[in-house]
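Visitor: What follows is the residue order along each chain.
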Amino acid sequence: MTQVTENLASGTVSDPDMTVVLARDLTKRFDDMVAVAGISFIVSRGECVGLLGPNGAGKTTTMRMLMGLSHVSAGTLELFGEPVATLRRDHASRIGLVPQDDNLDPDITVQQNLELYGHYFGVAAHTRAARVPELLEFMQLEERAEARVNELSGGMKRRLVIARSLIADPELVVLDEPTTGLDPQARVLIWKQLLELKRQGRTLLLTTHYMDEAQRLCDRIIIVDAGEILAEGAPQTLIDQYVLGHVFEVPKPLPDTWDHEAFDHEDIGDAVLIYVEQVADFVDRIPAATHYLHRQANLEDVFLRLTGRALREN
Amino acid sequence: MSRYTLAVVYRHYLVWRSLMWSSLASNVVNPVLFLFAFGFGLGAFVKSIDGMEYLSFIVPGMAAYAAMFAASFETTIGAYSRYAMQRTWDAILATPVSLPELLFGEVLFAALKGLFSACWVVIVGAAWGGVESLTGALLAIVLVFVASVGFAAYGLLATSMARGYEFFSYFFTFWLTPMFVFSGVFFDVGRFPDAVQWFAWILPMTHLIEVARPLMVGLPIEWDTAVLHIGYGIALTALAFWLALRNMRKRMFD
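Chains A and B supply the protein sequences, listed in that same order.
Everything in the first sequence is counted per numbering that gives the first Met the number 0, starting at 0 for the first residue and increasing by one.
Everything in the second sequence is counted per numbering that gives the first Met the number 0, starting at 0 for the first residue and increasing by one.
None of these hints come from the bench; they were simulated from the model.
A few of these clues could be false.
[As the list claims (entries may be wrong)] A short, non-exhaustive set of chain B residues, derived as facing chain A with CB atoms under 7 Å: (1) 10; (2) 13; (3) 18; (4) 22; (5) 94; (6) 95; (7) 96; (8) 99; (9) 187; (10) 189; (11) 248; (12) 252; (13) 253.
Owing to the predicted nature of the structure, the values given are computational and were not obtained by experimental measurement.
For each residue, glycine too, the CB sits at the ideal point set by N, CA and C.
Chain B extracted, bound-state conformation (with noise of 0.2 Å):
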């Protein structure tokens, strides 16, 4: 990676450094509340979910929701803005750094703070009891991240196709959502009726939780599958990130 994608990483980390407490409040005890809440409520009523406790069930789904949320929200009105309102791509794209540099760094800073915000409901989760494995938690976080890489690219297309923040409720109401409700963070994708688990399958926070899932919770992982489903994950990636590229660059230069 090279030294220009780090100075816009680094660019994103003084902002973020100045505005932190507003960032924490929706990256982290945004999805510490849910897992409150659904760890408590329906806890109370659901002891367990296919054999596993239903708090260990859900604190995979709620990690991958948050990394989701926070990596899609940077490349969205985030990344919108930085583009559009303060004009911050042209003021880097006027100096050496050239636009996939500046773009990767997008991706890379957006997928950090997936990262950061999903450690937070592993940490808690955690500390309340909802983690079988640590080891597998570990491993999940690493897979959190690649998956976040995938989340900012696809967020960054929806960017590179914006002309205004109202598209933006395009992409929370067609893909944020059924990610949030289809992907089996709250219970397994097993139940739905097969159509729509046609469509689930289709969502890639679905992959994710497939894997990261089994590994949290200490049960047995068929890595051929998980191969497929990681496979599966990064292929989407660079599709997304090359084709928002290709817009951006017709976009911004043509």
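Same shape as in the complex, but just chain A (with noise of 0.2 Å):
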């Protein structure tokens, strides 16, 4: 966050032709709450950032208000260039969005749900022709491209949310959630479609709870928490920032002679967690025959300690 506010507040924001996304203060406020409290950041064309956050963080207030689908109340947020209440048909049509609930239509087939949005999008009919099979086989879908969608699994309606964003080509492709409630296979499957759309140069927008899944895919990583941007970085620059390499959980009571102020540490209740670089830092100043847990740190561990513990419910 600091390094892009920076920017933004000293007025060297990259180059327009390779924003994608620019927001700067960007707040929404609803009758009885800020659910989203000025955050700035940017998305740079061919990049995958991932904006994370627990429940009601305003990580999907900040998409609906990309989309068009939110009125911004305050600050700026613009989409290649321009304010995002103006031209919104022809950014929309520049945007793929697949929404956190499936939103297909469940009465019609596979294929009329991508041909129909085709149709919205205003794209002519070869070209639907010609895209609607390759999105299909994109997604693994055309054994059932005959089927009705309230036929199809969970995975299934997933993949065809993701193919029919893809319908008008968007250079922008935002996903809420996308793996949410998905076997392995499915979610496997997806990241790699998602990593083949990175290659072809698009630019990722996404959110999600799964901090492997923002490891894998993201190049750069926003989180949010209660509407403001807690940190930003590439995942492994978060890492080495917040919770060094490796993490250390020791059970209370904790040893007498040990003093585990002098680490960098965090109190979760029953336990101590050390945060170090090297393995030696701590196996060579914690007691012999004391008990512990040991594990490279990851980007869980930063989300953990950054957005706390608590469970979060609205």
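Please dock the two separately framed chains into a single complex, following the hints provided.
Guide: This is how it looks when you write it as structure tokens:
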């Protein structure tokens, strides 16, 4: 966050031809609450950016504003160098959205769903005729082309929603929790195809609750909570910055002779987490016979450390 | 009309086609049953009314009612399901289709359903000898379509205010049912006491039937009053659509 905000503040905004999304002090207020509290970020062409945050952090609201589905209360939000309020039709024709809830048409077939979306985008008939089979193949749905959507499994529906978002060959694909609730096989296929989209030069903006997914797909991660950006950077940079390299979990009661305060640590109730760069930094300084758990630090550690461990229930 | 609105109408047509039989039951069989019940049942006692054969009298009323019911249902229960349950509106608005185009597509398709339903009543009524003027019937059908755009818009206005399906029981009780009983489907509005007549003339369906009936029965039309009836319906339609759009924009985007 710091880097981008500084850049924005000093006016050294990156090349407008390369900037797909630019948010500056973006704010969304509902009657009785602030959903997005003045966030600033940039998404550049060809990048995959992950917007992570607990439920209610403001991720979906940010995406809805981007799609023109929710009005901006204050601040700036630009797409392809134009404010979102203007040229909505032009913006919409260049973005594909994969919403959190499947809003497919359940009573018509898989193929009809794709064709219909082509109509909404004003895609020419011959282009539709060529693209629909391509997309069915891309998401491995060829066999189910004639099936009604309400006969599909959850994983197939999700794949169809992704295929549908690509019908107008979008430059930017916005994915709101693309693999939530899917089995590992379906997730692997979706990841593979999302990486393929990135390889084709498309820009991806996604939210997810799966840190492995974010780590695998995203060039850059933005962690938001309570409508504010807490941290931003490449996955490995965030890990190095916030949780060093290794995590040791030492259950309570802690050894008497050992001073955990000397480490970068976090009290999580029935245990203490110690963050160190090198394994030796910890192992050499813990009394022998102390019981502990060790793992390589990952994005999940960053996320929990920044957003806290209390349950979010709204 | 934009191709984006047509895309919405096309979507509704595709879904309608895949669920056609249940739709035909409520929009064709239902009004035709009413027509038979009243035509045969009541028609056996009431041979003529205001100098018209009772069957000829009731066919235009039933056609208007069929259109009103089909169009209203489509933009209330149907549209609300697409908006709040299936989230079809969200899916459509994530594309270049705008909210006015989407809502206009809803209204247009609902009006086409109203037209379709009314046509069946007129066809069955004509086959049964209850349509005196075919030219008049064709003109009346055009008016039914225009009025159906209105019926659809009033329903959409209700949808824009609904927080759940329960809300529509008010719409049916205080809007649909009064039109069914007070708008002159079964007997002339002039037979009501003055206060009730006042109320009846607020209802847009009263104005539709007032013009459609003499057309179908083949009676002379006073065009200067007909224009007032039609103008009232169109003005009310525009107002309802504008309010529905305003409510929906606030509700979806703010």
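Visitor: A separate judgement is required for each hint: does it hold in the structure or not?
Guide: Evaluation of the provided hints:
1. 10: Check passed: Cβ of residue 10 of chain B comes within 5 Å of chain A, closer than 7 Å.
2. 13: 5 Å, holds
3. 18: Where the cut-off is 7 Å and the nearest Cβ of chain A is about 6 Å from residue 18 of chain B, the hint holds.
4. 22: Violated - the Cβ of residue 22 of chain B stays beyond 7 Å from chain A, reaching only about 11 Å at its closest.
5. 94: Nearest chain A Cβ about 4 Å off; hint holds.
6. 95: At about 4 Å, which falls below the 7 Å cut-off, the nearest Cβ of chain A leaves the hint on residue 95 of chain B intact, so it holds.
7. 96: 5 Å, holds
8. 99: 12 Å, violated
9. 187: 43 Å, violated
10. 189: 46 Å, violated
11. 248: Hint violated; residue 248 of chain B Cβ to chain A Cβ min 9 Å, cut 7 Å.
12. 252: 5 Å, holds
13. 253: For residue 253 of chain B, the interface hint holds, since the closest Cβ of chain A sits about 6 Å away, which is under 7 Å.
Consistency note: the structure conflicts with the earlier hints numbered 4, 8, 9, 10 and 11.
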